[in-house]
Amino acid sequence: MPGARKQVGATGTQTVTISFAGFNRAWAAWIGDRLERRGTRVVFQRWDPPVETPLEEALQDLMLAPGRILVVLSDWYFQVGPRGHEEWNRALREVVANDPDRFAAVNITTSRIPAATAVFAAADLTNVGADEAERRLLARLDLPTDPLPEPGDDRRGPRYPADTPEVWGGVPRRNTRFTGREPLLNDAYHALQEAGAGAGVVTLHGMSGVGKTQLAAEYVYRFGSEYDVVWWVSAEKRVTYRQKLAELAPALGLSTGAEYGERLRAARDALRRGEPYSRWLLVLDGADEPEHIWDLVPTGPGHVLITSRNPEWSEHNSNLLEVPVYDRIESVAFIRRRAPRLTHAEADQLAEALEDLPLLLDQTAGWLNDSDMSVEEYIELLEGGIDQDVVKVSADFPLAFQTAWSILLNKLRETVPESVDLLRLCTFFAPGSVPVRLLKEMPLGVLPEQLTGLMNDPLLWNRAIGQLRQYSVVRLESHESVSDEAPSSGESLYLHRMVHQIVRKDIPERDRKEFIEVVRRALAAADPGRPTDTRQWPRYAELTPHLKFADVLQSTDPTVQTLVLNCLRYMYLSGEYRAGIKLGERALAAWKALLGDTHPRVWDLSYHYANVLRAVGDYAGTEAIERAAVDRLRDERGPQDLEHLRAAGGLAADLRGLGRYDEAAELSRWILGAYRELLGEQDSRTLNAQNNLAISLRLLGRYTESLELNRRTLEARRQLLRPRHAWTLYSEINYATDLRLLGRYGEAESLQSQSVRVHRLVMGRDNPQTLRAEHNLALCQYRMGEWDKAKELFTRVLERCERVLGEADPLTMMFAASQCCFAREHGDIDQARDISERVVDGYTDMLGERHPYTAGTKGNHALILRNVGEREQAHAHVEDALSDMTQAVGERHPWALGCAINASALRNLVGDPESAAALTEATIARATEVLGRTHPLTLSARIAHAADLRGLRERRRADKIETEALDDLAATLGAQHVHTVSARSRNRPYWDFEPPII
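No gaps in the numbering here: position 609 of the sequence shown is 609 in my numbering, and each next residue is one more.
Honestly, I wouldn't trust all of these hints.
[Unchecked claim] As a list, the in silico BS3-like pairs of lysine-lysine whose alpha-carbon atoms are at most 27 Å apart: (1) LYS548 x LYS582; (2) LYS592 x LYS513; (3) LYS513 x LYS440; (4) LYS505 x LYS582; (5) LYS548 x LYS505; (6) LYS548 x LYS592; (7) LYS548 x LYS440.
Keep in mind that the hints were calculated from the coordinates and are not lab data.
With the hints as extra help, turn the sequences into a complete structure.
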């Protein structure tokens with residue numbers, strides 16, 4: 001834990017002991033920092049009682065700690081041991097319930113925890129931002145919650161644990177089964193903290209399989225909140241290390257050219273100087289040849305953590321920490337967590353046989369947990385020597401090209417003919433990285449006879465691969481499985497494109513048919529089946545390049561067809577729209593020819609294909625596809641059929657895109673009712689329908705109803721799915737959007753700010769959904785008056801969206817509309833005009849002149865023309881916008897009301913104050929009825945009406961309306977909110993149209 005710092009705002013001395021699981025060290029550090037700043041004395045107590053100590057006794061020992069005891073509740077806190085919930089419930093009732101005032105708690109997990117933890121009355125810190133989490137923490141401890149001034153850079157404490165560092169790259173996923181290693185983690189931390197400037201280098205060294213990489217990753221997650229930059233690079237080869245370090249330059253925001261040598265120099269210099277960040281951590285993973293890269297290890301105010309099998313790093317100014325195998329207590333605890341079916345004695349027996357080596361424990365325990373084989377049977381097999389040969393495959397062999405291809409192929413046939421079969425099989429994957437482990441995972445019964453022996457005999461398999469490697473036909477790439485749920489050592493062979501082409505061309509036709517079918521089945525078997533799960537996206541990214549070479553679109557195997565649909569779904573969700581359109585188009589043509597136009601698989605494909613088309617704005621095209629599907633499925637299967645309901649949901653989305661909101665809402669409401677009747681309230685499909693109805697209601701301007709539906713959907717998704725599921729995060733965007741549209745800007749910003757950080761971590765910075773989250777955060781910041789933050793985020797989001805999706809994408813145009821509105825008021829008016837013209841033209845081309853988005857962005861453009869002095873043209877534009885918007889959505893819709901506020905300003909400007917006053921008076925009445933008297937839009941209308949009355953010299957009435965509106969503004973948004981201050985200064989309000997998500 002960080003040492004005590006000078007206390008800020010101390011109000012008295014109080015002691016709090018923080019009890020936490022080591023896994024949650026970052027939370028304990030942040031909580032301690034928040035308390036110390038307020039004058040509280042903090043004692044840290046890591047919770048790790050010996051497994052043989054009864055829980056009641058351990059809790060009584062904890063009560064010997066000074067002051068109040070604050071427990072950081074998480075699933076890890078209760079898994080230490082491990083111990084069951086019943087044991088915990090008994091202990092909590094006996095110890096804590098008898099003296100509840102000694103205890104307080106905060107809850108940082110959404111997982112199920114023992115029921116008796118209710119005695120703690122824990123403050124919930126999940127899914128909230130840092131400010132709200134601190135307020136809840138302080139309130140739970142009965143401490144003042146008044147905000148304190150932010151400390152200077154020299155006294156910055158740990159970052160809020162739910163936040164990631166400003167720059168974060170390459171870090172592996174956290175191993176939720178990480179066990180033990182507490183002394184090593186603490187030694188590494190203190191060695192880095194106590195090192196002098198430029199000398200903060202620690203090397204974790206040990207033999208293969210002891211978990212050096214896992215230890216480094218756990219260090220990052222436990223202590224990462226104390227850094228502004230965490231950058232992880234593979235350092236096995238100098239060229240790879242140089243390239244990965246060079247990629248840090250753009251992440252740091254450094255201005256460099258495209259040449260990576262220039263970026264490398266800039267990155268090293270920035271780290272040395274500590275600019276723009278002095279708190280940085282660089283992890284060099286697998287640096288086994290220090291003589292090749294030691295000269296590139298950065299110096300400066302930050303820290304370097306190295307993993308290596310080579311202790312010679314001590315000769316290069318590095319502090320060495322040896323990573324041994326597990327001690328037996330750690331081994332047993334890890335095995336029982338990895339394989340709950342094993343007893344303590346069996347875990348000890350297995351650890352003894354595997355000599356406590358973490359990698360073998362991980363692989364073996366996971367396999368044994370899913371197997372019927374007993375530990376004794378496995379150990380007998382192990383002693384037979386077969387497994388020893390299997391383990392040898394993961395050793396690294398030097399590669400050198402030894403002979404020409406023609407000679408080499410003959411040599412392969414003479415030595416290990418099976419290697420030629422394996423090589424031919426690989427050509428039905430894409431060239432490059434070939435995931436041959438997928439072949440080994442297949443059931444033997446589905447393999448052709450000539451391949452059965454190769455797959456069935458591990459020694460023969462190893463010899464075949466070894467022979468190919470020896471002659472540099474392939475390169476073996478061992479890596480961790482992309483699945484979190486089944487970590488295992490995976491194999492990929494790297495096959496050069498030229499070799500791939502030569503071998504594939506030379507395959508006999510009989511073998512070709514058999515081999516391509518094997519690869520299709522292997523790919524289908526590797527399908528995680530959950531394209532909505534962002535944790536599985538790396539697996540889909542790995543599988544999709546191979547679809548073309550396995551010619552999967554010609555397969556009639558249902559599992560292969562499901563793989564195609566799931567890959568198409570993945571492309572839609574991950575933002576790979578162009579690739580998805582290409583795959584969907586090819587698949588639709590192939591399957592119609594293969595299966596017929598009305599086959600159920602064709603309807604499935606049509607639905608997913610329409611999704612990617614809709615994502616790029618082709619609403620008319622998708623409506624035709626979905627309407628045909630809806631009509632056909634309704635006639636064939638009836639309206640309550642699930643496939644019909646799914647297609648109807650797609651049609652409702654098309655109607656939303658086309659601006660036909662009433663139809664969309666009516667259809668969405670019927671779909672939701674049907675799903676509730678068929679599947680119940682908590683089915684994910686019901687929640688999707690509920691989400692879609694909320695979107696339809698928002699597009700109708702019914703924000704309160706949309707908010708309530710989105711709140712229920714968000715809560716249900718957090719329970720049914722998980723807090724970091726893509727759909728849960730999407731619900732956070734929707735809920736925060738409704739909060740913002742209702743004028744609850746602070747709540748919206750708090751939620752959206754936290755959600756953005758999670759989006760970046762879970763879905764990636766360039767994912768379209770992440771960009772949507774960031775855009776909504778920028779709008780929240782804009783409405784809060786945080787203009788500098790909003791400007792930076794608006795600009796960054798638009799630039800990235802243009803790069804990722806292109807200028808004509810609907811998402812890009814949505815972001816551009818916001819950018820030009822911001823630039824009009826706080827930036828370059830010429831830039832605003834240029835962007836605005838492109839946006840209006842884009843929506844006109846995509847949606848037509850009468851679409852609400854076209855009308856709304858025309859209204860935005862009118863404000864730009866007003867600002868540059870083109871009053872008459874601005875007036876004509878705004879009147880057209882008002883007319884078109886009213887015709888499209890009705891005069892009571894918030895969009896029409898907003899257009900009316902803008903139109904009244906232009907009427908006043910061109911000398912028609914009577915008409916302006918009449919319009920704002922009517923707008924107030926409608927806005928009050930639709931949104932309420934104190935909604936920001938209604939308040940804007942009231943302020944505008946006061947200005948119009950003043951123009952008519954009705955000063956007394958104007959002053960009364962203005963005073964009442966100012967009072968309501970102060971009460972609703974705050975006396976110092978930018979809108980309140982602006983209205984008080986008698987700046988006429990305006991309204992920006994924001995094209996929403998459909």
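Hint-by-hint comparison with the structure:
no.	hint	in the structure
1	LYS548 x LYS582	holds, 11 Å
2	LYS592 x LYS513	holds, 22 Å
3	LYS513 x LYS440	holds, 19 Å
4	LYS505 x LYS582	holds, 26 Å
5	LYS548 x LYS505	holds, 16 Å
6	LYS548 x LYS592	holds, 18 Å
7	LYS548 x LYS440	holds, 21 Å
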